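**Q** Here's the letter readout for the chains.
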Amino acid sequence: MSEPRGMRKRVWIVGLLALALAYPRLLPALLGDLTGNDLLDASINTLAFVVMALGLNIVVGFAGLLDLGYVAFFAIGAFVMGWLGSGHFYDANFHLLVSEVSERVPGIHVNFVLIVLVAAAFTAVWGAILGAPTLRLRGDYLAIVTLAFGEIVPRVFENSTSGLFGIGSVDFSNGRQGITPIDKPYFPGLDEISRLDLEPFYYIALAMVLVTLFVNVRLRDSRIGRAWIAVREDQVAAAAMGVDLVRTKLWAYALGAALGGFAGAFFGTYKNTVNVDQFEFGFSVFILCMVILGGMGNIWGVILGAVALSMMDRFVLRALNGVPETLGLDFDLTAINFGIFGFFLVVMMVLRPEGFIPSRRRKLELHHGELVHDEPLAGVRL
Amino acid sequence: MSAAGDILDASGCTKRFGGLLACDNVDFTVPPRAIVSLIGPNGAGKTTFFNMLTGLYKPTAGRVLFEGSDITGRAPHLVTRAGIARTFQNIKLFNTMTALENVQVGMHSRLRARISGSILRTPFQRREERESRRKARELLDFVGLSQQDDLAMSLSYGDQRRLEIARALASQPRLLLLDEPTAGMNPQESEELRALMETMRTERGISVLLIEHDMKVVMGVSDRVTVLDHGEKIAEGTPQEVRSDPRVIEAYLGSQA
Numbered sequence: 015m016s017e018p019r020g021m022r023k024r025v026w027i028v029g030l031l032a033l034a035l036a037y038p039r040l041l042p043a044l045l046g047d048l049t050g051n052d053l054l055d056a057s058i059n060t061l062a063f064v065v066m067a068l069g070l071n072i073v074v075g076f077a078g079l080l081d082l083g084y085v086a087f088f089a090i091g092a093f094v095m096g097w098l099g100s101g102h103f104y105d106a107n108f109h110l111l112v113s114e115v116s117e118r119v120p121g122i123h124v125n126f127v128l129i130v131l132v133a134a135a136f137t138a139v140w141g142a143i144l145g146a147p148t149l150r151l152r153g154d155y156l157a158i159v160t161l162a163f164g165e166i167v168p169r170v171f172e173n174s175t176s177g178l179f180g181i182g183s184v185d186f187s188n189g190r191q192g193i194t195p196i197d198k199p200y201f202p203g204l205d206e207i208s209r210l211d212l213e214p215f216y217y218i219a220l221a222m223v224l225v226t227l228f229v230n231v232r233l234r235d236s237r238i239g240r241a242w243i244a245v246r247e248d249q250v251a252a253a254a255m256g257v258d259l260v261r262t263k264l265w266a267y268a269l270g271a272a273l274g275g276f277a278g279a280f281f282g283t284y285k286n287t288v289n290v291d292q293f294e295f296g297f298s299v300f301i302l303c304m305v306i307l308g309g310m311g312n313i314w315g316v317i318l319g320a321v322a323l324s325m326m327d328r329f330v331l332r333a334l335n336g337v338p339e340t341l342g343l344d345f346d347l348t349a350i351n352f353g354i355f356g357f358f359l360v361v362m363m364v365l366r367p368e369g370f371i372p373s374r375r376r377k378l379e380l381h382h383g384e385l386v387h388d389e390p391l392a393g394v395r396l
Numbered sequence: 010m011s012a013a014g015d016i017l018d019a020s021g022c023t024k025r026f027g028g029l030l031a032c033d034n035v036d037f038t039v040p041p042r043a044i045v046s047l048i049g050p051n052g053a054g055k056t057t058f059f060n061m062l063t064g065l066y067k068p069t070a071g072r073v074l075f076e077g078s079d080i081t082g083r084a085p086h087l088v089t090r091a092g093i094a095r096t097f098q099n100i101k102l103f104n105t106m107t108a109l110e111n112v113q114v115g116m117h118s119r120l121r122a123r124i125s126g127s128i129l130r131t132p133f134q135r136r137e138e139r140e141s142r143r144k145a146r147e148l149l150d151f152v153g154l155s156q157q158d159d160l161a162m163s164l165s166y167g168d169q170r171r172l173e174i175a176r177a178l179a180s181q182p183r184l185l186l187l188d189e190p191t192a193g194m195n196p197q198e199s200e201e202l203r204a205l206m207e208t209m210r211t212e213r214g215i216s217v218l219l220i221e222h223d224m225k226v227v228m229g230v231s232d233r234v235t236v237l238d239h240g241e242k243i244a245e246g247t248p249q250e251v252r253s254d255p256r257v258i259e260a261y262l263g264s265q266a
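Chains as they are written, first to last, in the numbering used here: chain V, 15 to 396; chain B, 10 to 266.
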């Protein structure tokens with residue numbers, strides 16, 4: 015890494031960070047309170063999506079394991095939030111580092127930061143458990159099994175209103191109603207957060223993104239990061255080079271899941287509800303699209319993909335809402351939401367299959383034939 | 010016939026795929042610091058035998074001892090950790106990684122950095138990474154590959170073969186299995202490879218087990234040659250003995266009758 019390049023990179027990072035920090039203050043000033051708040055809410059959602067997309071990127075982008083059931087980890091993380099930070103278990107009376115208001119409410123109330131960490135650890139374990147049966151599968155088979163897990167987990171939660179699989183009598187989920195309300199984040203020493211003020215949520219989500227980013231970058235440039243790519247490229251060769259396939263894949267599942275749970279717990283508190291309706295198959299696809307659209311395996315690409323799709327979901331479709339009517343058609347555009355996404359995805363795959371910002375590796379895979387002809391300087395000696 | 014000092018001692022190795030007997034009761038030993046070759050017509054079971062040694066196939070019957078411990082049917086990464094490394098007949102590099110990174114993957118089983126250490130980038134992890142890059146460059150120099158930061162897929166055929174050897178050496182093996190390393194090489198490159206094998210033996214004390222079709226290389230470098238045909242061992246001995254063995258001639262050229 016040459017000095018000027020390193021410097022420029024640092025300037026970029028500091029600049030982006032400053033912008034991200036000033037963002038919630040700039041919005042109302044530029045757009046007025048109402049629109050500003052709307053965009054801020056969208057941005058908070060986006061940040062949580064970024065965390066999830068980066069998590070899924072470990073599984074899909076780095077290790078090359080297709081996962082169509084990522085929503086399962088969102089669900090598990092969110093429910094951990096629900097269990098440890100609400101009045102759901104009203105018989106229990108456990109309070110740990112929470113605000114005075116929560117102190118007086120029955121139920122289990124643990125500090126937000128602790129819950130998020132527990133949620134990440136808990137989902138990591140479940141990531142490994144659900145990953146284990148898929149270790150021998152590849153391609154289509156892997157897709158089907160992960161898809162099934164993505165369906166199974168929310169259904170298990172939904173039906174665990176009287177013990178788990180009929181064992182015991184604890185209500186884990188409150189059925190379709192879900193768990194609500196959820197405790198607000200609270201930091202000892204700071205004032206209580208109001209739900210009307212989005213700014214603190216934004217900064218919490220931003221901090222989570224930064225932690226995730228830090229972890230992702232470091233993992234990518236490490237022994238395990240190399241092992242993931244080796245497994246993705248050629249399992250047989252990777253194993254013959256001393257890479258433990260089982261361990262390496264399970265770590266990918268576990269770490270990917272941990273980030274899903276991490277963001278899931280945040281969503282739980284931000285939405286103030288943990289509800290089975292949130293955990294649909296479409297969500298898994300939504301996150302997977304962010305990864306593919308941005309550029310599988312490329313951390314910055316995936317972030318861009320997440321921001322683009324999340325904002326598109328929120329604003330572009332809304333802006334287009336009048337279009338069917340002006341064309342004399344009578345239907346609601348939100349009903350074909352996924353159809354529109356699918357269309358964009360197809361267009362993208364035709365024009366730029368490697369994503370917005372492709373990883374150097376993925377681009378090579380997709381354009382291998384072209385590379386040999388176009389770039390004789392790439393070290394090709396024929 | 011196995012002497013006590015043999016680094017590898019495989020006995021009665023058999024592999025059956027349904028009705029096909031790919032390897033039939035093969036006994037095979039490799040003495041320390043030796044270069045031994047395995048030859049035979051196409052489909053004789055040479056690569057199958059390699060795959061049994063390295064854990065890619067579980068032998069149907071038989072036993073493989075490496076440095077005295079039983080490695081029969083062990084998972085490939087454990088065989089590598091035990092000290093056997095290999096290359097592949099149809100090159101299996103990690104194409105979108107650089108040559109250097111390929112070699113670093115080869116070191117995987119010798120590196121200790123854990124996930125937590127990698128995230129926190131502990132002094133130990135930094136030192137290990139730095140050291141692994143230095144050693145990888147050393148190995149690439151050793152096999153004579155100068156384009157060390159180029160992607161594996163952009164290397165020439167001969168360089169890819171060389172890179173595979175460097176990657177295998179990165180796991181610090183005591184026994185190196187080379188599956189047709191000179192395939193696609195020109196005579197000069199083959200000669201360089203032959204010299205490289207000699208150096209590995211003398212400088213690093215590595216035993217080499219070679220599958221090879223280039224008889225010039227085989228006869229020039231081997232201490233001992235074993236011939237497989239239809240999964241069976243039909244001859245074994247010094248290059249001269251094997252060359253004049255009538256059964257070997259028959260296997261390669263067909264009987265004269």
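Treat the hints with care, as some may be off.
Unchecked claim - Computed footprint of chain V on chain B, listed as stretches where at least three residues anywhere in the stretch have a Cβ under 8 angstroms from a Cβ of chain V:
no., stretch
1, 85 to 95
2, 104 to 112
3, 117 to 124
What the hints assert, rightly or not - Quick list of the computed label-pair ranges, beta carbon to beta carbon:
no., chain 1, residue 1, chain 2, residue 2, range
4, B, Y261, V, I371, 52 to 58 angstroms
5, B, G52, V, F352, 49 to 55 angstroms
6, V, E117, B, R130, 49 to 55 angstroms
7, V, A32, B, R213, 27 to 33 angstroms
8, V, L31, B, P132, 22 to 28 angstroms
To be verified - Away from chain B, derived, C-beta distances all over 12 angstroms, residues of chain V:
no., residue
9, L40
10, A241
11, V260
12, I371
FYI, nobody ran anything at the bench for these hints, they're computed from the structure. Since the model is a prediction, treat every value here as computed from it, not as a measurement. The beta-carbon is built from N, C-alpha and C at its ideal position, and this holds for glycine as well.
**Q** So, for every hint listed, does it hold in this structure?
**A** Results for each hint:
1. 85 to 95: Three-residue rule met by the stretch 85 to 95 of chain B, so holds; n is 6.
2. 104 to 112: With 4 residues closer than 8 angstroms to chain V, the stretch 104 to 112 of chain B meets the three-residue bar; holds.
3. 117 to 124: holds (count 6)
4. B/Y261 to V/I371: 52 to 58 angstroms: The hint (52 to 58 angstroms, Cβ to Cβ) holds, given that B/Y261 and V/I371 are roughly 55 angstroms apart.
5. B/G52 to V/F352: 49 to 55 angstroms: holds, 52 angstroms
6. V/E117 to B/R130: 49 to 55 angstroms: Because 39 angstroms falls outside the window, the suggested range is violated.
7. V/A32 to B/R213: 27 to 33 angstroms: violated, 53 angstroms
8. V/L31 to B/P132: 22 to 28 angstroms: Distance hint for V/L31, B/P132 holds at roughly 26 angstroms.
9. L40: For V/L40, whose nearest Cβ neighbour in chain B is about 32 angstroms away, the distance exceeds 12 angstroms, so it holds.
10. A241: Answer for V/A241: violated, closest chain B Cβ roughly 6 angstroms.
11. V260: Per Cβ check, V/V260 is inside 12 angstroms of chain B; nearest 8 angstroms; violated.
12. I371: The claim stands: V/I371 keeps its Cβ more than 12 angstroms from every Cβ of chain B (closest is about 16 angstroms).
Hint compliance for this structure: hints 6, 7, 10 and 11 are not met, and every other hint is.
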